[in-house]
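Protein chains: 2
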Amino acid sequence: MFSGHNIIGYSTSAKAGKKLQAFSTIRQGYLPEEFTIATEEDIEAATAKAAAAFEVYKKTTYEERARFLEAIADEILAIGDALIQRAMLESGLPEARLVGERGRTMGQLKLFAEVLREGSWVEAVIDTALPDRKPLPRVDLRKMLVPIGPVVVFAASNFPFAFSTAGGDTASALASGCPVIVKAHTSHLGTNELVATAIIKAAQKCGMPDGVFSSLVGEGSTLGQGLAKHPVIKAVGFTGSFRAGMALFKTATERPVPIPVYAEMSSINPVLVLPRKLEEDIDKAASMLAGSITLGVGQFCTNPGLLFIIDSPHTQQLIDKLTGLLKATPESTMLNEVICKSYHEGTKNLLKEKGVTTVLEPQDFSEAYKGGASLMQVAAQDFMSNTELQNEVFGPSSLIIRCQNKEEMAAAVRSLHGQLTGTILGTVEDATEFSDCIDALTEKVGRLIYNGVPTGVEVSYAMVHGGPFPATSDARTTSVGADAIKRFVRPVCYQDCPESFLPESLKNANPLGIMRKVNGQMTKEPIS
Amino acid sequence: MFSGHNIIGYSTSAKAGKKLQAFSTIRQGYLPEEFTIATEEDIEAATAKAAAAFEVYKKTTYEERARFLEAIADEILAIGDALIQRAMLESGLPEARLVGERGRTMGQLKLFAEVLREGSWVEAVIDTALPDRKPLPRVDLRKMLVPIGPVVVFAASNFPFAFSTAGGDTASALASGCPVIVKAHTSHLGTNELVATAIIKAAQKCGMPDGVFSSLVGEGSTLGQGLAKHPVIKAVGFTGSFRAGMALFKTATERPVPIPVYAEMSSINPVLVLPRKLEEDIDKAASMLAGSITLGVGQFCTNPGLLFIIDSPHTQQLIDKLTGLLKATPESTMLNEVICKSYHEGTKNLLKEKGVTTVLEPQDFSEAYKGGASLMQVAAQDFMSNTELQNEVFGPSSLIIRCQNKEEMAAAVRSLHGQLTGTILGTVEDATEFSDCIDALTEKVGRLIYNGVPTGVEVSYAMVHGGPFPATSDARTTSVGADAIKRFVRPVCYQDCPESFLPESLKNANPLGIMRKVNGQMTKEPIS
Numbered sequence: 144m145f146s147g148h149n150i151i152g153y154s155t156s157a158k159a160g161k162k163l164q165a166f167s168t169i170r171q172g173y174l175p176e177e178f179t180i181a182t183e184e185d186i187e188a189a190t191a192k193a194a195a196a197f198e199v200y201k202k203t204t205y206e207e208r209a210r211f212l213e214a215i216a217d218e219i220l221a222i223g224d225a226l227i228q229r230a231m232l233e234s235g236l237p238e239a240r241l242v243g244e245r246g247r248t249m250g251q252l253k254l255f256a257e258v259l260r261e262g263s264w265v266e267a268v269i270d271t272a273l274p275d276r277k278p279l280p281r282v283d284l285r286k287m288l289v290p291i292g293p294v295v296v297f298a299a300s301n302f303p304f305a306f307s308t309a310g311g312d313t314a315s316a317l318a319s320g321c322p323v324i325v326k327a328h329t330s331h332l333g334t335n336e337l338v339a340t341a342i343i344k345a346a347q348k349c350g351m352p353d354g355v356f357s358s359l360v361g362e363g364s365t366l367g368q369g370l371a372k373h374p375v376i377k378a379v380g381f382t383g384s385f386r387a388g389m390a391l392f393k394t395a396t397e398r399p400v401p402i403p404v405y406a407e408m409s410s411i412n413p414v415l416v417l418p419r420k421l422e423e424d425i426d427k428a429a430s431m432l433a434g435s436i437t438l439g440v441g442q443f444c445t446n447p448g449l450l451f452i453i454d455s456p457h458t459q460q461l462i463d464k465l466t467g468l469l470k471a472t473p474e475s476t477m478l479n480e481v482i483c484k485s486y487h488e489g490t491k492n493l494l495k496e497k498g499v500t501t502v503l504e505p506q507d508f509s510e511a512y513k514g515g516a517s518l519m520q521v522a523a524q525d526f527m528s529n530t531e532l533q534n535e536v537f538g539p540s541s542l543i544i545r546c547q548n549k550e551e552m553a554a555a556v557r558s559l560h561g562q563l564t565g566t567i568l569g570t571v572e573d574a575t576e577f578s579d580c581i582d583a584l585t586e587k588v589g590r591l592i593y594n595g596v597p598t599g600v601e602v603s604y605a606m607v608h609g610g611p612f613p614a615t616s617d618a619r620t621t622s623v624g625a626d627a628i629k630r631f632v633r634p635v636c637y638q639d640c641p642e643s644f645l646p647e648s649l650k651n652a653n654p655l656g657i658m659r660k661v662n663g664q665m666t667k668e669p670i671s
Numbered sequence: 144m145f146s147g148h149n150i151i152g153y154s155t156s157a158k159a160g161k162k163l164q165a166f167s168t169i170r171q172g173y174l175p176e177e178f179t180i181a182t183e184e185d186i187e188a189a190t191a192k193a194a195a196a197f198e199v200y201k202k203t204t205y206e207e208r209a210r211f212l213e214a215i216a217d218e219i220l221a222i223g224d225a226l227i228q229r230a231m232l233e234s235g236l237p238e239a240r241l242v243g244e245r246g247r248t249m250g251q252l253k254l255f256a257e258v259l260r261e262g263s264w265v266e267a268v269i270d271t272a273l274p275d276r277k278p279l280p281r282v283d284l285r286k287m288l289v290p291i292g293p294v295v296v297f298a299a300s301n302f303p304f305a306f307s308t309a310g311g312d313t314a315s316a317l318a319s320g321c322p323v324i325v326k327a328h329t330s331h332l333g334t335n336e337l338v339a340t341a342i343i344k345a346a347q348k349c350g351m352p353d354g355v356f357s358s359l360v361g362e363g364s365t366l367g368q369g370l371a372k373h374p375v376i377k378a379v380g381f382t383g384s385f386r387a388g389m390a391l392f393k394t395a396t397e398r399p400v401p402i403p404v405y406a407e408m409s410s411i412n413p414v415l416v417l418p419r420k421l422e423e424d425i426d427k428a429a430s431m432l433a434g435s436i437t438l439g440v441g442q443f444c445t446n447p448g449l450l451f452i453i454d455s456p457h458t459q460q461l462i463d464k465l466t467g468l469l470k471a472t473p474e475s476t477m478l479n480e481v482i483c484k485s486y487h488e489g490t491k492n493l494l495k496e497k498g499v500t501t502v503l504e505p506q507d508f509s510e511a512y513k514g515g516a517s518l519m520q521v522a523a524q525d526f527m528s529n530t531e532l533q534n535e536v537f538g539p540s541s542l543i544i545r546c547q548n549k550e551e552m553a554a555a556v557r558s559l560h561g562q563l564t565g566t567i568l569g570t571v572e573d574a575t576e577f578s579d580c581i582d583a584l585t586e587k588v589g590r591l592i593y594n595g596v597p598t599g600v601e602v603s604y605a606m607v608h609g610g611p612f613p614a615t616s617d618a619r620t621t622s623v624g625a626d627a628i629k630r631f632v633r634p635v636c637y638q639d640c641p642e643s644f645l646p647e648s649l650k651n652a653n654p655l656g657i658m659r660k661v662n663g664q665m666t667k668e669p670i671s
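Here the protein sequences come in this chain order: A and B. Under my numbering, the first residue of the first sequence carries the number 144, and numbering increases by one thereafter. Under my numbering, the first residue of the second sequence carries the number 144, and numbering increases by one thereafter.
It should be emphasised that the hints constitute simulated quantities derived from the structure, not laboratory data.
Chain copies aren't distinguished; within one or between two, either way the pair holds.
20 Å max Cα-Cα, derived DMTMM-like pairs, lysine to aspartate or glutamate:
| no. | residue 1 | residue 2 |
| --- | --- | --- |
| 1 | Lys629 | Glu266 |
| 2 | Lys667 | Glu261 |
| 3 | Lys629 | Glu586 |
| 4 | Lys650 | Glu668 |
| 5 | Lys372 | Glu397 |
As the structure is a prediction and not an experimental result, all values here were calculated from the model.
Excised from the complex, chain A in its bound form:
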């Protein structure tokens, strides 16, 4: 079932002696299949193919690319249950979750197909010539977004489909017109091979150029760095730890020709629990929070890791109910050994910090690789004076920040690092009274949620899955949703370009029927 080879466009390669195996937290040991790591020669081959493929792929029509993305979705589904079973073994995630995630991954691919067909994503802007303008005539200027070139995607472990081989980064980069080289995540090498093979099948069926997609196996420090440094590579998409993300950021900005890095790294997703809302329905607040903290064993970038609460008679009630619910949630298998060990170490380490006390005690790491919920608390003053308390603890853990009043809550929110999300559990009256806190929170986040939970990232047009540093390395973008495509493009302006040489999106007749800005006004009308 598995070749264990690197997939380099329409070829495969297994030159190195060194092989990797995926570790299964369910089996509590390494899985037997071996995957050969990529050599420097393999990196050269994959990048050379990507560069050559770019020359062809960038000229494909949006319709052709849309069909390619849809074909990838079809091929992933066609793998059938074998994909789900392998991903279960490699990720420890349950079947229902993986079936849902496969659907989401196919949905992402199809969303970008829709984006391509709708066409406004290229931001076509046209200023027509004004030959009689005084003192000088105006030339004809037409600009649009064009793909930047081959992209490296670093697969994440916590979404073996949706943020991995054919995940959002790959889908958006392919949609934009950029070839993709995926660095497979070492946690799910079999899943990667199955999905990568599906992409290759789709590419062949759709007549895409050899090299439009490759997938290589190896370690971040060698393969990952080698790809990020390679002159052919024009951008990096990454989801993972702060340390690994910053290593890539450093490499990419220190290259002779720096390239953009879209690294989604570290977020602890503060929640403001406001008093009237709490009074209204403590049970609901407690169950929403407990559900979000423990969802997927807390292994989400949007897991709510900080709960800001104003001290009141209701506070202890909430904490008690939340603790009860968390206690009642059975512990579950975590994704991999590193994450499981880090979770247990992280929670223990938090307890060593000044003023942090335990509410629901963290457990010790065991070789069952399970993670149970834990809950701690600290006074806002101690929180503000210690940035160690802002380190992400990836897993089902949360830290309550007890604030004496709204001024202290606002100050504590202002002391936060950048985050993917911020959540407000509050009535309209709460939101009015605590407007300073919400204002401060908005400055820190990419998504502001009212009376919901941060987990559950809708894949749609308006989603922002991004945020100020260190949540991401580039707060100007999103890695989920339609606008993720904007990460892999740059604008080009065509001045007085003969009609026959203009890209379709910029031609007078507007043959694609897309929304454009013409002389400052948005319109789908052709230019006469």
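Dock chain B against chain A, hints included.
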């Protein structure tokens, strides 16, 4: 007429003993007025004011900001001839050029007022809730671009109005809702004080918060670095040399919290002179090129520094005519001592490189601070093997790359670094035959010009004044034209936000009447 003080919001400061004077290449000596450099305390005061101003300024309506920008334009005009006279002294540029540039600068401010009123720049995207969706309901998601925070603008010497104190970077940052701190260019300190004072007057008249604008005097290595490092600063706008731009890029990316740097640095703007076009009208080609090379003593980022020509019987004719026209162009005063010396050194250094021969000999530097045209040539093979030939020589100089055939031209174009512009002088038949060259050129540039010259950057909606590294540090943006505003914003998504707390741009009724993307479709309709 000049206080010589730093302008820190609505206060001024002159604490340091050290002062700077502007050098006049026309007077061939320092001008008498003294300008006090900013101290560390001044930097702290300006950044603290900018941070406080941001809290107020980001909430101003687009209409309020539009009026502020228009008021700045009015106040600049109101300075009257004193501004033109001072700029002439400080820049060596002639009166007509500076009057024109003042008009352009006012035009830029007014363009952003127009952009603000039209409103689609915020990229409002709305996905309405789907409460009945299965298996899970969809939440209401609404996103838009919001300002990122205080911006530092580094003024450039070659456009003392349009790329300086109230230039495109300042106008676009203020339009986006970000306070601005300008590092005055040491070449035109008096011009800076006049314009900065005009901005302050406009801010006061429009009731803008204290600190929305400041202007500090000092050297790049101290003041510039100090500002780029400051935690309050969220982005940098810069136009200038590669060395200075990269020093800022390094500082900004190595901060504990990295920030974006928009540095427009180094471009030599290749021109492909194609055979049929040449045959058609050699005189026209020669006069267009000569005019563009010598315009403004060649002191433009878009100056055509490389002319790619296929060897043919017409080549020598073109070179002869071009040389004649360049010779006939009187030499003129350059902007400042550094630029004038660098120009003369740069042209002399080029001649030392392998295979470079002189066509119109470069002159020696003299204390008249004048620059005359020079023209050199080299074979494409020598060009491709020597990246030294791609160093920008800022001034009225150009290097002819003689290509034996179109394959060699394409290879030479592929060897180019990133550029602001690429130009094609060619008929439709030429463009068809040389499509590989044009394709390669497109990959290297932000703007592709057909049968025109690269100098002359229209300030409009479709302009791209940007391009791949090292032309800029961020090819995803433009520093001229309406989309320059997009550099100083980031997206925020509001999930299930109560209508009353939504920004105007995202409210159901669409009170601003702006174009939005609602459930995937562009529309100005309200949401019912």
